[in-house]
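Chain F: place on chain D using the hints.
What follows is each chain in one-letter form.
2 protein chains.
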Amino acid sequence: VEESLKPVFILIRPQLGENIGAVARVMKNFGLYDLRIVSPRDGWPNKAAQSMAVGAIDIIEQAKIFDCLPEAIEDINTIYASTARKRDLNKQVVCSHDIASELSNGAGKIAILFGPENSGLSNEDLTRSNKIITIPVNQNFSSINIAQAAGIIAYEISQLYEDVSFVPNQASEIATFTELNNFFVYLERELEKNSFFQVPEKKPGMTNNIRSIFTRIDKLSSQEVRTLMGIIKSLTR
Amino acid sequence: VEESLKPVFILIRPQLGENIGAVARVMKNFGLYDLRIVSPRDGWPNKAAQSMAVGAIDIIEQAKIFDCLPEAIEDINTIYASTARKRDLNKQVVCSHDIASELSNGAGKIAILFGPENSGLSNEDLTRSNKIITIPVNQNFSSINIAQAAGIIAYEISQLYEDVSFVPNQASEIATFTELNNFFVYLERELEKNSFFQVPEKKPGMTNNIRSIFTRIDKLSSQEVRTLMGIIKSLTR
Chain D
1 VEESLKPVFI LIRPQLGENI GAVARVMKNF GLYDLRIVSP RDGWPNKAAQ
51 SMAVGAIDII EQAKIFDCLP EAIEDINTIY ASTARKRDLN KQVVCSHDIA
101 SELSNGAGKI AILFGPENSG LSNEDLTRSN KIITIPVNQN FSSINIAQAA
151 GIIAYEISQL YEDVSFVPNQ ASEIATFTEL NNFFVYLERE LEKNSFFQVP
201 EKKPGMTNNI RSIFTRIDKL SSQEVRTLMG IIKSLTR
Chain F
238 VEESLKPVFI LIRPQLGENI GAVARVMKNF GLYDLRIVSP RDGWPNKAAQ
288 SMAVGAIDII EQAKIFDCLP EAIEDINTIY ASTARKRDLN KQVVCSHDIA
338 SELSNGAGKI AILFGPENSG LSNEDLTRSN KIITIPVNQN FSSINIAQAA
388 GIIAYEISQL YEDVSFVPNQ ASEIATFTEL NNFFVYLERE LEKNSFFQVP
438 EKKPGMTNNI RSIFTRIDKL SSQEVRTLMG IIKSLTR
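Just so you know, the protein sequences line up as chains D and F, in that order. Numbered according to the working numbering, the first sequence spans residues 1 to 237. Numbered according to the working numbering, the second sequence spans residues 238 to 474.
Note that these hints are calculated values from the structure, not bench results. Even for Gly, the Cβ is constructed at its ideal location relative to N, Cα and C.
Pairwise CB distance ranges, derived in the manner of DEER restraints: (1) D:I231 - F:N377: 40 to 46 Å; (2) D:S51 - F:P282: 23 to 29 Å; (3) D:S143 - F:M466: 39 to 45 Å; (4) D:L235 - F:S341: 38 to 44 Å; (5) D:L235 - F:P282: 45 to 51 Å; (6) D:N181 - F:D279: 51 to 57 Å; (7) D:K233 - F:N377: 44 to 50 Å; (8) D:S101 - F:V291: 28 to 34 Å; (9) D:N105 - F:S341: 23 to 29 Å.
Listed next, the stretches of chain F that the computed footprint assigns to chain D, with coverage defined by at least 3 CB atoms under 8 Å from CB atoms of chain D: (10) 257 to 263; (11) 283 to 296; (12) 373 to 379; (13) 389 to 395; (14) 455 to 461.
Next comes chain D alone, as it looks inside the complex (with noise of 0.2 Å):
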């Protein structure tokens, strides 16, 4: 997805600079860079926005102020509004887990839309938007904040990125077979010369249950087989 492509987040009539801020440092997390504001109840700029936003004051710097959402939506194609009440209106709902998979069937430029935290979206704010996109959230306690809703649709819009990725730690050295079997054979051959197989049949059974347990450890090193070895020494000695 081209940078210019990317969805923007619209804060309407935004009442604390807190979660002004907390909605830029999750957007820049999640590599989304264009905030846009209407009417933020506070003035502009805001304190408290910038301290809550750490990292992430750029995304404040660049944020654009509207006196209405008319003017902050006219270059967007399509229109999502967040809401956590259900609303009557025969709109279609996306749920948040389908929202990446619904982007990616493209639809120009998007903006979400956030409402003011006392009393979410206005109808008339609902009206102008193509869908409706729904965190699904506790019925007994919907009450969400707006940055952790941001957040949570930032986090999954952020599938179709390249530049948000999951980054799998770089193991270490794993143990090949022939380090871990090596191990096996002289942790047996002690257990032997100890009298722990006292019948003779049941050695194949316990030698397997044994193997098993040392096969489990995920991502076993070199290192770490090494070590293994080194206490068997010790205890034998």
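Below, chain F alone, put in the same frame as chain D:
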């Protein structure tokens, strides 16, 4: 899933009460209730935590406080350490997007550890964990707020619980094919009268195009079809 088997969130040496409160709130949003706190920097109880929790004050009041991690995990079967930074450990790293399917296989009682805001989990904490859970973030700005991380993990896990569910809008009277078809027949007759179809052989294609526009309106209601009908009547009066 039984309530008693729902995962436990453990905050280790958290610094800001605001973050503890925000974690409690988002846990409850996603149907989680067991919050444990190891050695909170500013002591306990914490006014800022209570204030940020709002409707999740019960989670704060029931939170259990411990001096050290081993006391907090006595009843836990499987421990996941949440980390944003890459760590050089030969532990399995589970991506947050996969955690629900991973937990659906069953691993007894689960705890998810969250480290202090400034430094993250210590190596000692990580050593006590069975696996690592990581949220894929922008590699140029991976500093995610602890309550945001807790929120995203709770959100993912909540897919396993029936009490947190997606509630689609209850559509009020979606129009039937016949209602919409009656509108099309009426509209086309009026257009015919007004010589809209100047080239007879193009009429079928043009009516198809018009019908295609209106059939793409998602969840068009009977009332809305009547409104459209009223518009045509008004324009031709």
